[in-house]
Amino acid sequence: MIELKKFSYWYPGTEQPALDRVSLSIAEGEFIGIVGANGAGKSTLCYALSGFVPHFYNGETEGQHTFNGQDMASLDLGQLAGQVGLVFQNPFNQISGARFTVREEIAFGLENLGLPQSEMRARIDEALELVNIQDLAERSPFSVSGGQQQRIAIASILAMQPRVLVLDEPTSQLDPDGTRDMFTALNKLVSTRKITVILAEHKLEWLATFCDRVIALGGGKLRAEGSPQAVLSSEQMLRLGVGRTQYSEAAARLLRTKQLPVTLEQAKKALK
Amino acid sequence: MRGGSIYIERSSGLHWLHPLTKVALTALCFASAAALPGLPWLLALFVGLLLPLAIWGRLTGAFLKACLLVVGPFVLSLTIIQGFFSGGETVLFKLGRFAFTQEGLLAGLTFAARLLVALGGTLLLMQSTPQPHLMQALTERGFPPRIAYVVLTAIQIFPSFQDRAQVIMDAQQARGLELQSGLLNRARLLLPMVGPLILGSVMDVSERAMALEARAFSSPARKTSLNTLADSLLQRAVRWLLALAAAALLLWRLWSALQ
Amino acid sequence: MNLRVEGVSFRYPSGVLALDGIDLAIPSGQLLAILGENGAGKTTLVKLFNGLLRPSQGKVYIGDWDSAEHTTAALARRVGFLFQNPDDQLFERTLAREVGYGPRNLGASEAEVKRRVARALKLVGLHDMAEAHPYDLPQPQRKLLALAATIAMDTPILVLDEPTIGQDEVGRGAISRILTDLHRMGRTLIMISHDMDFCAEHAQRMLVMLNGKIHVEGTTEDVMGQTKKLDEAEVAPPQLVRLAQALKMPGTPLTVDDFVDEYKQWRKKKKSK
Ligand SMILES: Nc1ncnc2c1ncn2[C@@H]1O[C@H](COP(=O)(O)OP(=O)(O)OP(=O)(O)O)[C@@H](O)[C@H]1O
Ligand SMILES: [Mg+2]
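Chains as they are written, first to last, in the working numbering: chain V, 1 to 272; chain G, 1 to 259; chain A, 1 to 273.
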């Protein structure tokens with residue numbers, strides 16, 4: 001569905017590539033996690049996978065970059081918008097401000113897609129429920145708490161029902177239950193609607209529990225790729241500044257196994 | 001509250017009117033401001049039309065206050081300037097070499113009244129219409145959405161600047177900046193305020209532009225709207241009448257000027 | 001310095017009742033974590049500590065000061081504040097000036113300002129970039145910069161709203177070291193966080209909020225053990241506590257060391273049975 005082949009990208013006026021010869025192939029219906037230290041290139045990769053690189057950011061690219069077999073550079077953001085959704089890292093700037101209430105704010109994207117009213121209403125109600133903010137629907141999207149604002153930002157993109165959903169640290173302001181619920185909801189979308197979800201996160205436990213595949217970045221390069229357990233339990237994560245779950249850390253001190261547990265279930269099994 | 005606006009929420013008939021009806025009304029106000037011949041006419045329009053509308057919209061206090069705030073300074077400066085410098089026979093009083101004349105006073109007041117009528121109409125429109133609904137009404141009539149968004153955020157920028165300014169002011173105080181009255185202190189405040197305000201908005205612009213794209217803003221699809229703006233045959237008729245009246249006024253003015 | 005909140009309620013002008021009858025005493029030198037679901041009222045509560053919000057009802061005392069009698073700027077001598085959104089507080093041209101802004105306002109000498117700036121930037125690991133522009137840093141680094149600016153004010157009380165957001169292991173490590181240092185120096189530390197693993201490891205006491213009220217309060221071990229109460233407040237315990245519960249192990253291990261010890265003991269006991 002999305003393919004990068006030896007893809008490099010330089011932000012305008014920089015010497016160091018932000019992405020350095022990254023090769024990656026993403027199939028429909030995959031749930032993919034991206035990990036990496038701050039500055040490793042997670043956000044840039046998110047922009048590339050959603051087409052904002054090269055369409056919004058200028059700068060140099062090298063290598064291949066295709067979406068459904070078409071060269072990404074030949075498509076435009078307007079066409080991509082209905083198919084690929086991007087949730088940004090910082091919730092504070094994602095509110096369009098073009099509308100008054102949370103409900104209307106979520107509608108903004110749907111209006112741009114030209115959906116009929118009845119369809120919009122159904123989608124908005126569904127999105128509000130998915131991120132659990134039904135009770136905020138008639139409030140102003142500006143006078144809410146940090147976590148509530150992040151939920152609004154996510155709901156606004158979810159309602160657009162893109163085939164590919166890219167999320168850049170979407171749970172940074174969410175409470176623990178909210179984070180788990182968000183992952184559960186995304187997982188459900190992947191299995192029922194066969195959408196593709198790509199998610200950059202520091203919260204390793206939830207990546208480990210829900211993702212099909214994890215990609216580790218370091219200094220703009222792809223450093224590891226594979227099943228969550230294989231990637232996240234390795235010592236390399238410590239060197240990359242990603243860290244490991246406390247399940248892995250505890251088990252590392254207690255067990256001699258080839259592959260350390262990374263989730264609660266795995267840890268429970270290993271330590272029983 | 002961030003992202004607030006001049007709009008004042010009330011449940012009233014004026015609020016409920018279709019935005020374009022109010023736009024037509026505002027157009028009439030502008031035409032009147034330009035075309036009506038003298039002070040009595042202008043004041044009559046204000047007292048006879050705008051004020052009753054404000055009362056109908058349950059906005060009387062807010063409307064008068066805003067008029068005073070916006071037009072007040074003009075009234076003052078215009079009357080002073082015109083009073084002293086536009087000449088005339090009837091001297092009211094003298095300040096050194098300068099004479100303040102009745103004709104000048106009248107000219108100044110008339111000019112201010114023109115402003116009052118034009119701005120009053122605009123204020124009434126803004127206070128009784130959520131700006132997004134106004135933009136929706138315009139885009140539904142073929143106004144380009146991109147321009148609508150820019151206009152919209154420009155209108156909202158003042159209040160959102162204010163909100164943002166508040167947030168930043170909070171932060172500076174939390175870092176020991178004393179917010180006392182006194183001109184010098186206020187001036188000292190300016191830099192730490194303006195810095196993040198401008199920086200913030202520049203940063204915001206690129207991030208916001210991106211966030212807009214993510215919301216399919218440049219999608220080729222024909223845009224739709226969540227809410228249908230209530231309209232009626234009567235309102236359509238009234239709109240046409242208002243527009244005609246405005247055009248007639250302007251034409252009449254042009255014709256009498258040419259005479 | 002200690003801090004007391006007596007019978008405080010707060011309502012936003014929009015009508016939302018964000019705090020509802022809060023009584024709280026935080027003794028000097030304590031490291032307290034405030035937890036609770038989104039919108040529980042955490043940020044609202046701590047904004048009362050430096051007067052950014054004023055209680056609709058009740059009193060807040062900072063040491064021997066009644067906060068109602070002091071401006072926010074005056075309270076800033078006693079309470080340092082890290083905002084949830086760092087962009088709300090950054091405005092200078094360079095990192096060094098940014099960090100120096102607070103101390104300068106509080107009347108520190110130029111030499112003193114310099115010293116504090118250097119130390120604070122070093123603490124958060126940004127000393128190499130002292131002359132860079134704050135907005136050249138990505139968001140997580142801006143948060144660290146804002147933290148440095150807060151530390152440089154040298155206040156007896158520090159309030160940190162979500163310090164670990166968006167931080168990788170390195171950033172979390174830096175924040176963890178800073179907290180430990182400040183705690184050792186006897187500062188009163190109040191942090192809001194959703195990062196349960198981090199809170200469990202560092203906080204002495206915890207306060208869980210729910211719908212503008214205090215739902216539970218106590219030592220970290222005590223609070224983390226109250227599964228039912230936490231569940232009601234929609235707060236999930238940290239990984240190690242959940243693992244211990246899943247294994248039906250007794251105790252509430254808060255750090256990996258704790259867990260390893262308790263696990264070994266538990267196994268030994270099981271075997272000897
Ligand atoms: N500026 C505001 N105007 C009106 N209501 C507000 C404002 N800010 C917050 N609220 C409301 O007050 C309540 C408490 O919000 P607060 O920001 O204190 O929550 P929080 O616990 O810090 O949440 P989070 O974890 O999401 O940051 C919420 O219901 C929120 O919607
Ligand atoms: Mg908060």
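FYI, nobody ran anything at the bench for these hints, they're computed from the structure. Just so you know, even glycine gets a beta-carbon here, dropped at the ideal spot from N, CA and C. Incorrect hints may appear among the rest.
Below, a list of computed lysine-lysine pairs in the BS3-like style, where the Cα atoms sit at most 27 Å apart [what the hints assert, rightly or not]: (1) V:269 <-> A:270; (2) A:248 <-> A:264; (3) A:228 <-> V:268; (4) A:248 <-> V:269; (5) A:213 <-> V:272; (6) A:268 <-> V:269; (7) A:213 <-> V:268; (8) V:269 <-> A:213; (9) A:228 <-> A:213; (10) A:248 <-> A:270.
Listed next, the stretches of chain V that the computed footprint assigns to chain G, with coverage defined by at least 3 CB atoms under 8 Å from CB atoms of chain G [said to hold, decoys possible]: (11) 84 to 90; (12) 93 to 103; (13) 111 to 123; (14) 191 to 203; (15) 253 to 267.
Taking the hints in turn, this is what the structure says about them:
no. : hint            : result
1   : V:269 <-> A:270 : holds, 17 Å
2   : A:248 <-> A:264 : holds, 14 Å
3   : A:228 <-> V:268 : holds, 21 Å
4   : A:248 <-> V:269 : holds, 13 Å
5   : A:213 <-> V:272 : violated, 39 Å
6   : A:268 <-> V:269 : holds, 18 Å
7   : A:213 <-> V:268 : violated, 35 Å
8   : V:269 <-> A:213 : violated, 39 Å
9   : A:228 <-> A:213 : holds, 17 Å
10  : A:248 <-> A:270 : holds, 12 Å
11  : 84 to 90        : holds (count 5)
12  : 93 to 103       : holds (count 9)
13  : 111 to 123      : holds (count 9)
14  : 191 to 203      : violated (count 0)
15  : 253 to 267      : violated (count 0)
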